[in-house]
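Engineer: Sequence:
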Amino acid sequence: MKKTVSVLLAGAVLAGALAGCGNNNGGNAQQPSGEEGGSTAFKIGGTGPLTGGDAIYGNAVKNAAQIAVDEINALGGIQFELNMQDDEGDPEKAANAYNKLKDWGMQLSLVSVTTKPAEATSVNHNEDRIFGLTPSASSMAVTEGKDNVYQMCFTDPGQGTASADYIAEQGLGEKIAIIYKNDDTYSTGIYEKFVAEAEAKGLNIVSTGTFTTSSQTDFNVQLSEAKNAGADLVFLPIYYTPASLILNQANSMGYTPKFFGVDGMDGILTVKNFDTSLAEGVMLLTPFNADAEDEKTQNFVQKYQELYGDVPNQFAADAYDCVYAYYQALTNAGATPDMSAEELCDLMIEQFSTMTFDGLTGEGMTWTDGQVSKSPKGMVIQNGAYVGM
Numbered sequence: 001m002k003k004t005v006s007v008l009l010a011g012a013v014l015a016g017a018l019a020g021c022g023n024n025n026g027g028n029a030q031q032p033s034g035e036e037g038g039s040t041a042f043k044i045g046g047t048g049p050l051t052g053g054d055a056i057y058g059n060a061v062k063n064a065a066q067i068a069v070d071e072i073n074a075l076g077g078i079q080f081e082l083n084m085q086d087d088e089g090d091p092e093k094a095a096n097a098y099n100k101l102k103d104w105g106m107q108l109s110l111v112s113v114t115t116k117p118a119e120a121t122s123v124n125h126n127e128d129r130i131f132g133l134t135p136s137a138s139s140m141a142v143t144e145g146k147d148n149v150y151q152m153c154f155t156d157p158g159q160g161t162a163s164a165d166y167i168a169e170q171g172l173g174e175k176i177a178i179i180y181k182n183d184d185t186y187s188t189g190i191y192e193k194f195v196a197e198a199e200a201k202g203l204n205i206v207s208t209g210t211f212t213t214s215s216q217t218d219f220n221v222q223l224s225e226a227k228n229a230g231a232d233l234v235f236l237p238i239y240y241t242p243a244s245l246i247l248n249q250a251n252s253m254g255y256t257p258k259f260f261g262v263d264g265m266d267g268i269l270t271v272k273n274f275d276t277s278l279a280e281g282v283m284l285l286t287p288f289n290a291d292a293e294d295e296k297t298q299n300f301v302q303k304y305q306e307l308y309g310d311v312p313n314q315f316a317a318d319a320y321d322c323v324y325a326y327y328q329a330l331t332n333a334g335a336t337p338d339m340s341a342e343e344l345c346d347l348m349i350e351q352f353s354t355m356t357f358d359g360l361t362g363e364g365m366t367w368t369d370g371q372v373s374k375s376p377k378g379m380v381i382q383n384g385a386y387v388g389m
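Per this note's numbering, the very first residue in the sequence shown carries number 1; after that it's consecutive.
Hints are computed from structural coordinates only; laboratory data are not their basis. Be aware that a few hints might be false.
Using 25 Å as the maximum straight-line C-alpha spacing, the simulated BS3-like pairs for lysine-lysine come out as follows [to be verified]:
{"id": "1", "residue 1": "Lys296", "residue 2": "Lys374"}
{"id": "2", "residue 1": "Lys258", "residue 2": "Lys272"}
{"id": "3", "residue 1": "Lys201", "residue 2": "Lys227"}
{"id": "4", "residue 1": "Lys258", "residue 2": "Lys201"}
{"id": "5", "residue 1": "Lys377", "residue 2": "Lys175"}
{"id": "6", "residue 1": "Lys296", "residue 2": "Lys377"}
{"id": "7", "residue 1": "Lys374", "residue 2": "Lys201"}
{"id": "8", "residue 1": "Lys146", "residue 2": "Lys100"}
{"id": "9", "residue 1": "Lys175", "residue 2": "Lys201"}
{"id": "10", "residue 1": "Lys296", "residue 2": "Lys258"}
{"id": "11", "residue 1": "Lys146", "residue 2": "Lys93"}
{"id": "12", "residue 1": "Lys175", "residue 2": "Lys258"}
{"id": "13", "residue 1": "Lys258", "residue 2": "Lys227"}
{"id": "14", "residue 1": "Lys175", "residue 2": "Lys227"}
{"id": "15", "residue 1": "Lys201", "residue 2": "Lys377"}
{"id": "16", "residue 1": "Lys296", "residue 2": "Lys146"}
{"id": "17", "residue 1": "Lys377", "residue 2": "Lys258"}
Start from the sequences and build out the full structure, keeping to the hints where you can.
Structural biologist: Laid out in C-alpha cells, this is it:
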C-alpha cells in the first residue's frame, strides 16, 4: 500500500509548535527521550559523532530527529523514544555504542551518521535483524547485501553522477579539476562515478589531485596543478574541513576558479577561524534547501533555529525525514511497540520496499535495494548563506 505523510507532516509541525520539544543537552551521548517506559514507545537508536571534528553532522542528526520525535509524540498516537550515542566517527566506538543501544532495547535504528562507522554497524544490524535507516551514511557498502538497511541520503556514486550531470547541463565549467581524498570511501566513491559520467557528458577533466588523512593540510601542489592546467572549475567531493583549507590556499595564490562540492561541503560556513567570504560562490548539490518557501521547510527551519541557534543542514533534514518515514511505515503496518525488533524489521522491509514518502528532502521518494530515489538541488553560497540555484 502506498501512502504519503505530507498532511501528517504539516499537522505535526503545528502540533509540535504547541509542545515543548528538543533536548540540547551537552555531553557525549543523548539521554533517551520520549514516553516513559519502553513498552509504550518505539525505541529508535543511532550513533554519530556528537563530539570531535565531525560533530556538526552528528548533532544535526540528533537535533532534527529529536524535533521529529517530539512533534509526533505531541500528536498522541504513535510514540517514539530516541537514544543517540556518540561514536566520534570511529568504527570501533560505533560498534560499542551499537551494543549499548541493543542492550537498551533498540527496535529501530538510524544506523550511524558517517560512512565508516555505518559500514561496520550495518553488519550488526543485519545479523541481529534490527531495521536501519541512515540519514547520511552514503556508501554503497552500507546497504549492499543487507536487506534491512536503508538510506535516506544519496549514495556516493549517485552524488558523483548527479554532480557531473549538473555541471554539464548548466555549463558551469570548460576545464575541470578534481581534488579528492583517496583513502576515504566517501570521497573515492563519488570521484569514480563523477569521472565516468563526466566522460559520458563530454566534460574536460584537465587535472586530478589527491590527498590522504595524513596530508590534508597543504593543498598547494594540487591547486598549482589545477591552476597551471587552466581549470575554471574545481570539483571537491570531500568534507568541509579540508575544503575550507583549499579555499584559503587558493585565495592565497590568487587562484579564483568556481568550486563545486557535494553534501559533505554542507557545514563549511561553520568552520572555526575560517573567513566565510572565501566561500562566496561555492556551489554544491544537496537534497535540502533551507531557503525553500514551502510551509514544511519554513516551519522546520524556524523551529530548528529557535531550539539550536543554527540553520539546519542537509544532514538534519534527512534525519527529520527518517523519523517521519518510520512514522508512516509503522502506521501503515499497524505496528505496536510491544513487537520485537525482528518482527518490526520484517514489517519495515515490507513497507519501505513498496511505499512512497514525501519529506523535506524530496517528494515521491521510493527505495530499491535500500537506496533512495530522489532529486538533488543545486545550492550556491551567497552573502554567507546557502541559496537555491
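Engineer: It remains to establish, for every hint, whether it holds in the given structure.
Structural biologist: Here is how each hint holds up against the structure:
1. Lys296 / Lys374: holds (17 Å)
2. Lys258 / Lys272: Distance ~23 Å between Lys258 and Lys272 Cα, so the pair holds.
3. Lys201 / Lys227: holds (23 Å)
4. Lys258 / Lys201: Within the cut-off at roughly 19 Å; holds.
5. Lys377 / Lys175: Since the Cα atoms of Lys377 and Lys175 sit roughly 23 Å apart, the hinted pair holds (cutoff 25 Å).
6. Lys296 / Lys377: holds (17 Å)
7. Lys374 / Lys201: holds (21 Å)
8. Lys146 / Lys100: Judged against 25 Å, a Cα distance of about 22 Å means the pair holds.
9. Lys175 / Lys201: holds (13 Å)
10. Lys296 / Lys258: violated (32 Å)
11. Lys146 / Lys93: Holds, because 21 Å separates the two Cα atoms, which is no more than 25 Å.
12. Lys175 / Lys258: Holds - the C-alpha atoms of Lys258 and Lys175 are around 11 Å apart, at most 25 Å.
13. Lys258 / Lys227: The hint holds at about 12 Å.
14. Lys175 / Lys227: holds (10 Å)
15. Lys201 / Lys377: With Cα atoms ~19 Å apart, Lys201 and Lys377 stay inside 25 Å; holds.
16. Lys296 / Lys146: Not satisfied, since the Cα-Cα distance of roughly 32 Å exceeds 25 Å.
17. Lys377 / Lys258: holds (18 Å)
Hint compliance for this structure: hints 10, 16 are not met, and every other hint is.
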